[in-house]
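Chains as they are written, first to last, in this note's numbering: chain U, 1 to 583; chain L, 1 to 115; chain R, 1 to 578.
Please keep in mind that the hints were generated in silico from the structure rather than gathered at the bench. Mixed in with the good hints, there may be bad ones.
[Stated by the list, open to error] In silico DSS-like cross-links for lysine-lysine, where the CA-CA straight-line distance does not exceed 30 angstroms:
1. R:Lys-230 <-> L:Lys-86
2. R:Lys-15 <-> L:Lys-86
3. L:Lys-59 <-> R:Lys-230
Given the structure is predicted, the values throughout are model-derived calculations rather than measurements.
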Amino acid sequence: MVKAVINGIQVEVPEQTTILNAAKKVQIKIPTLCKHPDSYLHASGACGICLVRVKGSKKMLRACCTPIEEGMDIITHDPEIVAIRRTVIELFLSNHPNECLSCGRNNNCELQTLVADFGIREEYFEKIVRDIPKDDSTGNIVLDPRKCINCGRCVDVCQNVQDVWALTFLHRGFNTRMAPAGDISLSDSPCVRCGQCAAHCPTGAIVEQDDTVLAWRALRDPEQYCVVQIAPAVRVALGEAFGFPFGANVTKKIYAALRRMGFKAVFDTNFSADVTIMEEASEFVERFVHKKGPLPLITSCCPSWVDFMEKFHSDMIPHFSSAKSPHEMMGALIKTYYAQKNNLDPAKLKVVSVMPCTAKKFEISRSADMSVSGYQDVDVVLTTRELARMIKQAGIDFVNLPDEECDHILGDYSGAGTIFGATGGVMEAALRTAYSFVTGEKLAKVEFENVRGLEGVKETSVDIKGTEVKIAVAHGLVNVEFVLNQIRRARKEGKPLPYHFVEVMACPGGCVGGGGQPYGVTDELRLARAGGLYSDDEAKTVRCSHENPYVRQLYKEFLGKPLGEKAHHLLHTKYQPLPVYRR
Amino acid sequence: MAKLTREDLAKIKQDATAAEKNWIKVGYSSCGIAAGAQEIFDVLCEEARKHNADIEIRKCGCVGMCSAEPIVEVCVRGMPRVHYGKVDRETAVKIIEDHVCGRLLVNDHVMDGRI
Amino acid sequence: MSRTVFIKDTGTAGKDRTRDFYGFFLGVIREKGLENEVIPVRVADIGLYNQGVAVRVVPDNFVYTRVEESDVSLIVDSIKTGEPYSAKQVKPVSKQLRIVLRNCGVVDPESLEDYIAHDGFAALAKVLESYTPEKVIQEMKASGLRGRGGAGFPTGMKWEFTRKPRSDQKYIVCNGDEGDPGAYMDRGVLEGDPYSVIEGMIIGGYAIGASKGLFYIRAEYPVAIERIEKAIRRCHETGLLGNNILGSSFSFDLEIRLGAGAFVCGEETALIASIEGKRGYPSPRPPFPSVKGLWGRPTCINNVETLANVPVILHKGADWFSKIGTETSKGTKVFAVTGKVKNSGLVEVPMGTTVEDIVYGICGGAMRGKQVKAIQTGGPSGGVIPKEYFGTKVDYESLQKMGSIMGSGGMIVMDEDDCMVDIAKFYLGFCVDESCGKCAPCRIGGTQMLKLLTKVTDGQGTQKDLARLEQISHAMQKASLCGLGQTAPNPVLSTLHYYRAEYDAHVNEKKCPACKCAKLIRFVIVQNKCVKCGMCFKACPVNAISGSRESGYLIDQTKCIRCGQCFEVCKPKAISRS
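All chains, full assembly: derive it from the sequences and hints.
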């Protein structure tokens, strides 16, 4: 531990704690633009606002990246420091377009907040904004380099957290800008659309493609029959936009809000998560018990992970679960099963998915398998942030909404379905069902605590009636390589498999930390949101997917058996190697 | 070549200092090369061969008087050691004919007292 | 034994009398029948300036200045007697002291044997035989050598810091990414004496416990790269690099990495990023490279000139070295003196030599009879020193006191035709171009400052703009991430400090006192002085001058780009500049 003084206040923190974080402990907020509180991101020192000084010294230090040292006497605010911060903010402002009102980050922009906090009322320096066109080539992530303040968060997260290396800095000096390497369009780059760049961007330089207009258009079209589904992680994050505490579960208010917005039926992706488990657990049993197909089996619910694998690790294709992601399964079921059952024309059915994810926007047109109903199975994907905006646009007093239930039968879910939103959740849900499928018995304790938590790679093994199942759970794509290399090495050296079952989620923390979630994600927030999901699970009487009576009904009425012909046709997909760069 | 030992270093130094030779050094760093040292070097070699002069012509680095490149340093026993600056073809010929063979310094190009 | 008499008119107001005096000497010598004993020679330079006709007799090394015709006979007589002619005698002073450049222009840079013959690798042999690494560091600390890259951090301490941490691998890096405008000291050393830098690195590697060294040389130095490559190869062949160097247990290897021409890569953390193959971005310190540098290992980065000092210090001893220079700045400093100076080139002087001695004594003052106005040291990170302060000694502290810095050793001489606002704009423009773009104060602040300066030189500036300049300067100095941004405003602040009147003239009167800023001057042909020679007509690059030898000439102000070509070529001074 290190003892020091900040603004006359004693502070004691572990070694290597930055001045910025130490100050936080004693309720001192040092302003910064480039340092995101998320611990996955490195301090780049790019903005030059978090300046502090050691008492009596002329030199100024960057609080974001300077570890506090024993006996340091730090001053965080004095007239000179404040004046310099102000000048730097004025410089930023001179290099930033005045488009706040129509910006995707209006009222939610870190630069805007700082300018307001510093009371800057005039543009003291001449405006110098370069005219660089937007890049909306991906259709889900939009780059607007003019609004970029070069903090480097997106590049850091893209390269060092997600290991994708789509984004980099080009040119130098005043012409420095964030862009896909080689100045190609983002859609031609290795980008896997995880949206972590957008989730961490302090300004409107990287935002999700806004599809709220598409959703409204469908809702207002009397010819269309609009239905909606919400993903597991949305329910524990949306509340943040309306002042609910971190991790608050607002599922039933969301159902109510969606109905009021005009959706004819409100479904829950948690239900199709249960269906996913039926398929994936069966697949695992096929491979593990009946030795049909290679092990380990690797989960495939995360579209960014699928894209990443197809681009960078296509040798793993045979290991991939062919099960589609839950919301795609839901889309296919709505336009087939639900349409038939309710006598609806699937051509007029519009399926909207509310997801914590930007990659889902891309997934809906990933391949022909995503239109297995004869129409595109999911029509519009909205992120959690977009849904929050739509609720506000609809004039709904979300906080005071009464609780409502979802529609049947594609809505009621088990506890296993809801934990899909946290890293390790898919694995835990699959293990619950796989255990029963293998042993024919009910699990005494359904919790698998070893796969929970935020460690980058979680390795453990599970005993299924005397047989050891070795598993690994990775989140944050940079952690994938380690797991895959273990598999490759074992295969090459002819050693026993290191794992039988592997779960990967692209975003740190899983979907609760997804690229489409409300801003300001930190580990604290990831844990709070995941905690919300685990509480939801605990509160359920049905904790295993195969025990969900509506899932059973679905198989009985419509799908037949897991991995059966119909299930295979509607709920499974194929993968192919993709070039890293598209030209 | 075999690995050098401490003794080898001493011997190389001794041999070099023992041999007394007449020599010319041509400044052959970027500044010299840019000013035409290559040509001067060639001319000096050719003239020396023509006159069968007892002189060794070598290259060396920049002596610091970059604005006076190409620079040629001449050491002939019994004569002052001098640097010639701004050496052109004509001066190079004179350096061999007059200085090396005729033992007379060449006018107007000596850079004296700068170093 | 014959005497040689060097003769040179070192510059007085009138015409060059070198030839006349050569004739006088010839005449007197012939008269006295001393043709075989006294040989006169006209020289191009005699190392003295503005002291009339100067004469040096060798080998006696008697120097006479302000020699008149009447002195010639007496000088020749004195040669005969062997006693100096005291009336005009001056003491020849050698102002330069060559330690770093000891071998430059002396050894064949491509010959290992030649280097060894000039005491090369003697220091290494001594170190490996009888010094512990701690003793080497001790010796370096005792010598007082400070880093020659600019900041002046004591080299011995840097080595000690890198020696301390435990690590499976450590690196020593030679920073040869010299990029200041007008500075080429390192190029001179790398090209002229590559082995001394290599020897310095091997010794450094031994001291800090590194088995691997890297040369980081900018790709624009092809000759330097080729010579270092050759030298490394030769060292490998002869066992001076590789395993068990000179029979000791020490092993060391060297490699070259090329810099792609970014000035900021001279900054240690950016240099490390560049070697690692990443974008040349500086990163915040701590961690310092001595703890966590190249590939996360402790790394010591030394400048070329610093390393070239190392073998001499260890060969001749710290005691010897620490007697040279001033109390806090030991040894010598190499300067690349360029600009409007008579003799540009590399100059090595003991620390503490005055600017005056360098500019006038060694380099001969301004060109073409103009007046020196100021010098700039430290390149774009430094500041100006006006002529009035040329008594300033060159050492780290004195230069800093003047608002400049030692920097890596660029010294640019400016004359009366140079506008100080324009100079500040030039240096700032360089930093704006070379800014890596990472941190906002440097990226945006620099660009804003350049815009403001351009406003001033265009005659559009206001006093408020000058206040803005100072405000941004202050913020950049404090808030920039690396040395480039922190020091980029220095030339502006320094010229504002010493030449505020010039800024005010631009702002208040819309005038450029040095007649340099194109937007503020105009050229007009004074018809009654014009001889209609047509030289201006031919010289004009944009055909702004019209007319004929019969009718005379006129300048079209709308076409004129104010380049000053016509002004330069006009013999009768019939073109006015205002």
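### Query
Where does the structure disagree with the numbered hints, that is, which hint numbers, in rising order?
Violated: none.
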